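Trainee: One-letter residues, chain by chain:
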Amino acid sequence: MTKQVSTKKLSHPPGDFSIWIVIYVELLTFGLLFMGYAFSRRSDVELFNASQLVLNQTSGFINTLILITSSYFIVKAVQSIKTMAKEHQAQANILASKWILSAMFLGLVFLVIKVWEFSNIFSMGITLSTNIYFMFYLMLTMFHFMHVMLGLIILFNIRQKMRLDGYSLEDHIGLETGASYWHLVDLLWIVLFPLVYILR
Amino acid sequence: MNHIKYKLELIWLSLIALSLFAYIMGQVEYFPKLFSILLLLGTLIKGQLIIDYFMGMKQVKLKYRLIPTLWLTIVIIVIAATYYKTN
Chain A
5 MTKQVSTKKL SHPPGDFSIW IVIYVELLTF GLLFMGYAFS RRSDVELFNA
55 SQLVLNQTSG FINTLILITS SYFIVKAVQS IKTMAKEHQA QANILASKWI
105 LSAMFLGLVF LVIKVWEFSN IFSMGITLST NIYFMFYLML TMFHFMHVML
155 GLIILFNIRQ KMRLDGYSLE DHIGLETGAS YWHLVDLLWI VLFPLVYILR
Chain B
-14 MNHIKYKLEL IWLSLIALSL FAYIMGQVEY FPKLFSILLL LGTLIKGQLI
36 IDYFMGMKQV KLKYRLIPTL WLTIVIIVIA ATYYKTN
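Chains as they are written, first to last, in this note's numbering: chain A, 5 to 204; chain B, -14 to 72.
Just so you know, these hints were derived from the structure itself, not from any lab.
Note that the structure is predicted; figures quoted are calculated from it, not measured.
For every residue, glycine included, the Cβ atom is placed at its ideal position computed from N, Cα and C.
Be careful, since some hints might not be right.
Stated by the list, open to error - Coverage of chain A stretches by chain B, computed from C-beta distances (three or more under 8 Å per stretch; other residues unrestricted): (1) 31 to 42; (2) 167 to 173; (3) 182 to 190.
Stated by the list, open to error - Derived lysine-lysine pairs resembling BS3-like cross-links, with alpha carbons at most 27 Å apart: (4) B:Lys70 to A:Lys12; (5) B:Lys70 to A:Lys13; (6) A:Lys90 to B:Lys48; (7) B:Lys70 to A:Lys80; (8) A:Lys86 to B:Lys18; (9) A:Lys86 to B:Lys70; (10) B:Lys43 to A:Lys86; (11) B:Lys(-8) to A:Lys118; (12) B:Lys43 to A:Lys12; (13) B:Lys(-8) to A:Lys102; (14) A:Lys90 to A:Lys13; (15) B:Lys18 to A:Lys80; (16) B:Lys48 to A:Lys13; (17) B:Lys43 to A:Lys80; (18) B:Lys48 to A:Lys80; (19) A:Lys13 to B:Lys43; (20) A:Lys13 to B:Lys46; (21) B:Lys(-8) to A:Lys90; (22) A:Lys12 to B:Lys(-8).
Claimed, not checked - The following residues of chain A were derived to be distant from chain B, with all beta-carbon distances above 12 Å: (23) Ile27; (24) Glu121; (25) Phe147; (26) Ile157.
Kindly generate the complete structure, drawing on both the sequences and the hints.
Mentor: Written as structure tokens, this is what we have:
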């Protein structure tokens, strides 16, 4: 009986289903941009390889570690509510709130590093119209940057609700909805980083 | 039990290790075709780990899990194909 319960698949992905419509649309949009980048590179490989050297791979790598770790913190927050909230709802919300705050801090560090990177790029006189590589680089990373900002706003609202002990074992769909969005942001960066910064 | 307890931590560490691997490859001046394949394979594994364990799709019916999985696979294959033809 226990085995049957543990192996049964959920009928819907975690969180509100509407966020999954958003996630699938975002995946499609970014997927087309990633493939557009790869096809455009074929027309001038030398230009793409030379332009890529201008980027700071270390900051891209640090940002990868930051997003992976923040995603891990979000999973811990969801776990805290799922495992503790039945008996200790207040403590579960406090613990989950700390995980969310840690994830938000890392998200902010990500943005600071990106702003620093953008300012370096702009100080070199590079813009969207410099060449096709930088058009894709700026478009992809700025678009992703906006997603991180939106993710932070969502996490902020989740934390506000947690401060009021707003999530329980029965009702934590809002938390799972925000978590799913944050993992999307992480997933997109996981493909973006090697494609734009490393692959040549 | 401990295996289950630390599963999430193992996944997190795997993601960190694969990212470090990618970064080190990026530091090498000579970048052969094999590196591109390994890099994309590592990206595929990382993406699937996030989809399955962070997004929780491993516990969800296959039709929902297939959408991000297919997205990731198609994107990686198309990138690999374009790089294979140009390098």
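Trainee: Evaluate each hint against the coordinates.
Mentor: Here's how the hints hold up against the structure:
Figure legend: the stretch 31 to 42 of chain A, annotated as covered by chain B; annotation consistent (6 residues with Cβ-Cβ distances under 8 Å, at least 3 required). Look at the stretch 167 to 173 of chain A against chain B: 0 of its residues bring a Cβ nearer than 8 Å to a Cβ of that chain, fewer than three, so the hint is violated. Check result for the stretch 182 to 190 of chain A against chain B: holds, 4 residues qualifying (beta carbon to beta carbon below 8 Å, three or more required). Between Lys70 (chain B) and Lys12 (chain A) the alpha-carbon distance is near 44 Å, which puts this suggested pair outside the 27 Å criterion.
Proposed proximity of Lys70 (chain B) and Lys13 (chain A) is contradicted: the alpha carbons are some 41 Å apart, above 27 Å. The straight-line distance between the Cα atoms of Lys90 (chain A) and Lys48 (chain B) is roughly 31 Å, outside the 27 Å bound, and the hint therefore fails. Taking the CA atoms of Lys70 (chain B) and Lys80 (chain A), the gap is near 42 Å; set against the 27 Å cutoff, the hint is violated. Our distance criterion of 27 Å between C-alpha atoms is broken by Lys86 (chain A) and Lys18 (chain B), whose separation comes to about 45 Å.
A distance of roughly 48 Å separates the Cα atoms of Lys86 (chain A) and Lys70 (chain B); the hinted pair therefore is violated under the 27 Å criterion. Restraint check for Lys43 (chain B) and Lys86 (chain A): the C-alpha separation of about 17 Å stays at or below 27 Å, so the hint holds. About 31 Å separates the Cα atoms of Lys(-8) (chain B) and Lys118 (chain A), which puts this hinted pair outside 27 Å; it is violated. Taking the CA atoms of Lys43 (chain B) and Lys12 (chain A), the gap is about 11 Å. The hint holds against a cut of 27 Å.
Proposed proximity of Lys(-8) (chain B) and Lys102 (chain A) is supported: the alpha carbons are some 21 Å apart, at most 27 Å. Note on Lys90 (chain A) and Lys13 (chain A): the hinted pairing holds, with a Cα-Cα distance of about 22 Å set against a maximum of 27 Å. With a C-alpha separation of about 38 Å, the suggested pair Lys18 (chain B) and Lys80 (chain A) falls outside the 27 Å cut-off, and the hint is violated. In summary, the hint linking Lys48 (chain B) to Lys13 (chain A) is supported, as the alpha carbons are separated by about 11 Å, within the 27 Å threshold.
With a C-alpha separation of about 17 Å, the suggested pair Lys43 (chain B) and Lys80 (chain A) falls inside the 27 Å cut-off, and the hint holds. About 26 Å separates the Cα atoms of Lys48 (chain B) and Lys80 (chain A), which keeps this hinted pair within 27 Å; it holds. Taking the CA atoms of Lys13 (chain A) and Lys43 (chain B), the gap is near 8 Å; set against the 27 Å cutoff, the hint holds. Proposed proximity of Lys13 (chain A) and Lys46 (chain B) is supported: the alpha carbons are some 5 Å apart, at most 27 Å.
For the given pair, Lys(-8) (chain B) sits about 23 Å from Lys90 (chain A) by alpha-carbon distance, which is consistent with the 27 Å threshold. With a C-alpha separation of about 19 Å, the suggested pair Lys12 (chain A) and Lys(-8) (chain B) falls inside the 27 Å cut-off, and the hint holds. Not every Cβ of chain B is farther than 12 Å from the Cβ of Ile27 (chain A); the closest lies at roughly 8 Å, contradicting the non-interface assignment. Every Cβ of chain B is farther than 12 Å from the Cβ of Glu121 (chain A); the closest lies at roughly 15 Å, confirming the non-interface assignment.
Here Phe147 (chain A) stays apart from chain B, with its beta-carbon at least about 16 Å from theirs, past the 12 Å limit. Its beta-carbon lying about 20 Å from the closest one in chain B, Ile157 (chain A) satisfies the requirement of being farther than 12 Å from that chain.
The structure fails hints 2, 4, 5, 6, 7, 8, 9, 11, 15 and 23 (numbered hints given earlier, in ascending order).
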